[in-house]
Amino acid sequence: MNFDIHLRFTPSLAFFGILAEMNEQFPDWTDGSYDWANQTVDFLAAPTPLPKFDEAMFRTPLSQRALNDTLHVAVALLAGNYPLVRDYLKNTRFAFVIGYPRSGGSYLTKELLRTVGLDHTRVSEALAHDGFPDLRETWYDWAGNRPYYHLQEAMFQVAEFLVLAQLYYQRNTERQKDGFWLAPKKMHKILAWAGSFKMLLGQGRADYLATVRHPVPACISIYEKCGGLPRDGRFPVATPRSAIERWITNDLMHLGYSAQELAKMSYFEAVVTGWTQFHLNMATSGLFLGSRDEVRIVPYGKESLEQVVRDYRARDGRNASPPESVLIHDKSRQHAEWLARGDHAVQTVANAWAALGLHFPSLELH
1 MNFDIHLRFT PSLAFFGILA EMNEQFPDWT DGSYDWANQT VDFLAAPTPL
51 PKFDEAMFRT PLSQRALNDT LHVAVALLAG NYPLVRDYLK NTRFAFVIGY
101 PRSGGSYLTK ELLRTVGLDH TRVSEALAHD GFPDLRETWY DWAGNRPYYH
151 LQEAMFQVAE FLVLAQLYYQ RNTERQKDGF WLAPKKMHKI LAWAGSFKML
201 LGQGRADYLA TVRHPVPACI SIYEKCGGLP RDGRFPVATP RSAIERWITN
251 DLMHLGYSAQ ELAKMSYFEA VVTGWTQFHL NMATSGLFLG SRDEVRIVPY
301 GKESLEQVVR DYRARDGRNA SPPESVLIHD KSRQHAEWLA RGDHAVQTVA
351 NAWAALGLHF PSLELH
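Note that the sequence shown covers residues 1 to 366 in the numbering used here.
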């Protein structure tokens, strides 16, 4: 029995922006003015609107190749033709940086980009940072009564990312001594599809760097990044100020919290609960599928984060520059009343990981 299936490919805004930047028609994302990994300045970046592109942009050889490759990879993903995808990516090795917000992931991604000779402010946040491709565990809104996300769209975005990453790093960097082009990517959303992603790419074809930080200093850093702790100390579920706060809201609604319950929840309780859910999910997501040695757990701290960078640079041998120093500002004592709750969350996660045969590191306050 045969069925005719009609697919409609609508490129994502990230695909448009990255492709236009690669065609040197849209410098706004990569002009050096936006430092998405800045360690000392917490600010919310106003998204740069995409300009209007005419059809000429899609007729360049680069665009034609990107569009053609994306369609082939997307159809292969939808059809389960993983050998085609693996063959397409045979010269690329990804370094996925995974972690709860404000746990050192942006720093590590930036330094890995520097390792391959790139200024991170010249690499679009869409390509290197969180958000794209958009992977989620549910296809519906939090109330469960209408679709708001579709699997087919996610498949196409995965294809877009794989193609653009391959083209970008092969055009702008040199092969590593191991024969691969290294493609760093901060990708916390991979946990939604971790097992599938690992099976798609194949054993030993990517590095998985999981940064972990104590939830109390992570919470402080989150609210500073979002404009400060709300005056009433409650989580701003009705008016989230950033993608991070929207993400936390979605995670808590997955746990069954209603909007009314979240509106009464303190900021710290919301973040610590979301932090716990994230790390419990990490253990069971399939991230450790195949070989646990592929996953490097990186506790937040100056020495541990910088050592990852040193290891990557020593492995290739062509970049001997020291990593930029990790700046540690521990403000946890300002909220001493939450330290016991944070410690309890860490122990809860450690116990759950241990029950599954996994080791969760002890976390110092930073």
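If you're looking for bench data, these hints aren't it; they were derived computationally from the structure.
For every residue, glycine included, the Cβ atom is placed at its ideal position computed from N, Cα and C.
One or more hints might be untrue.
[Claimed, not checked] List of simulated lysine-lysine pairs, PhoX-like, C-alpha gap at most 20 Å: (1) Lys177 to Lys331; (2) Lys90 to Lys225; (3) Lys302 to Lys331.
[Stated by the list, open to error] Between beta-carbon pairs, the in silico distance windows are: (4) Glu153 to Ala354: 35 to 41 Å; (5) Glu174 to Tyr82: 40 to 46 Å; (6) Gly204 to Lys302: 27 to 33 Å.
Exercise. Against the earlier hints, flag every one the structure doesn't satisfy and list their numbers going up.
Key: Of the numbered hints, 1, 2, 5 do not hold.
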